[in-house]
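**Q** This is what each chain is made of:
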Amino acid sequence: MTGPRPYLRPAKTAWWAHPPYLAYTLREATGVAVAGYALVLLAGLINLASGEEAYDAWLNFLKSPWSLALHLLFLIAMIGHVWTWFQIMPKTMPRLVIGGRVLPQNWITAAGLAVAMAAFVIILLVAEWMQP
Amino acid sequence: MKRSVAPVFWLLFGAGGMLSAFTGPALVLITGLAVPTGIGVSPSFMSFARATAFAQDPLGKLVLFGVIALFLWHGAERIYLTLRDMRAGGRLALMCICYGSASALTFVTVGTLMIIGF
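These protein sequences, in sequence, are chains A and B.
Residue numbering for the first sequence follows the numbering used here, beginning at 1 and increasing consecutively.
Residue numbering for the second sequence follows the numbering used here, beginning at 133 and increasing consecutively.
Please keep in mind that the hints were generated in silico from the structure rather than gathered at the bench.
These numbers come from a predicted model, not from an experiment.
Just so you know, not all the hints are guaranteed correct.
Claimed, not checked - No more than 30 angstroms apart at the CA atoms, straight line, and that leaves these computed lysine-lysine pairs for DSS-like: (1) Lys193(B) - Lys63(A); (2) Lys91(A) - Lys134(B); (3) Lys91(A) - Lys12(A).
Stated by the list, open to error - To be clear about the criterion: a stretch of chain A counts as covered by chain B if any three or more of its residues have a C-beta under 8 angstroms from a C-beta of chain B, and this derived list gives those stretches: (4) 57-65; (5) 103-111; (6) 122-128.
Ideal placement from N, C-alpha and C gives every residue a C-beta, glycine not left out.
Please construct the entire structure, taking both the sequences and the accompanying hints into account.
**A** Now the structure itself:
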């Protein structure tokens, strides 16, 4: 005999492209942007190791309209990632009990978003401090 | 009981997700938009000499490795889970493609940082 055969509800083949699953698909798609940005940085690092000429070619690629459009898309996806990441966070972590009361989920989301905004400002300040 | 390897990938996914939530938007804005257009940044901000000095510094190496590797693992986990839910292929094949590329590129990152030296 074979094992249990769970009932699988029939689903449209492209269910992920339609609401309500579309929001989930878009959230997961931010991962493509996060990995894509890492690939751009890795390409820069490899070119850096190859020498000045290769590295300057990478810097020139960054100046191309294609790259600027790509990074604008990355930026939008990153902001979407930040927003959704802190919506999920209270759902994936243990309940926080402070003084015998459960901390509301939207407080945790708000705190996460506030820290993310502070980190954004701090990184820009560090970059300003690193200016030649 | 057979142990699952999923927690390892979840840990990398979570670490990459947290790091990118805190640093991603600012990094993309600086390296991908401000530096190429020269808006608000000196033209020599990411020059060959400065980028080399940054990549040779142990702290700079840690930043580059952390950002590149953890961002890749975060993306790989999301892409794997989504493709699995879309039934885009066999579970094992998708795992090999997603985790395999993330592992290979992590090794490339370490190797490149070593080649750049200290």
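**Q** For every hint, state whether the structure bears it out.
**A** Hints, verified against the model:
1. For the proposed pair Lys193(B) and Lys63(A), the alpha carbon gap of about 25 angstroms is at most 30 angstroms, so the pair holds.
2. Between Lys91(A) and Lys134(B) the CA atoms are separated by roughly 27 angstroms; this keeps the pair inside 30 angstroms, and the hint holds.
3. Simply put, Lys91(A) and Lys12(A) have alpha-carbon atoms about 28 angstroms apart, close enough for the 30 angstroms limit, and the pair holds.
4. Look at the segment 57-65 of chain A against chain B: 3 of its residues bring a Cβ nearer than 8 angstroms to a Cβ of that chain, three or more, so the hint holds.
5. As drawn, the segment 103-111 of chain A meets chain B at 0 residues by the rule of a beta-carbon pair under 8 angstroms; below three, the given contact is violated.
6. Residues of the segment 122-128 of chain A with a Cβ under 8 angstroms from some Cβ of chain B number 3, which satisfies the need for three, so the listed coverage holds.
Against the hints set out earlier in the document, a violation occurs for number 5 only.
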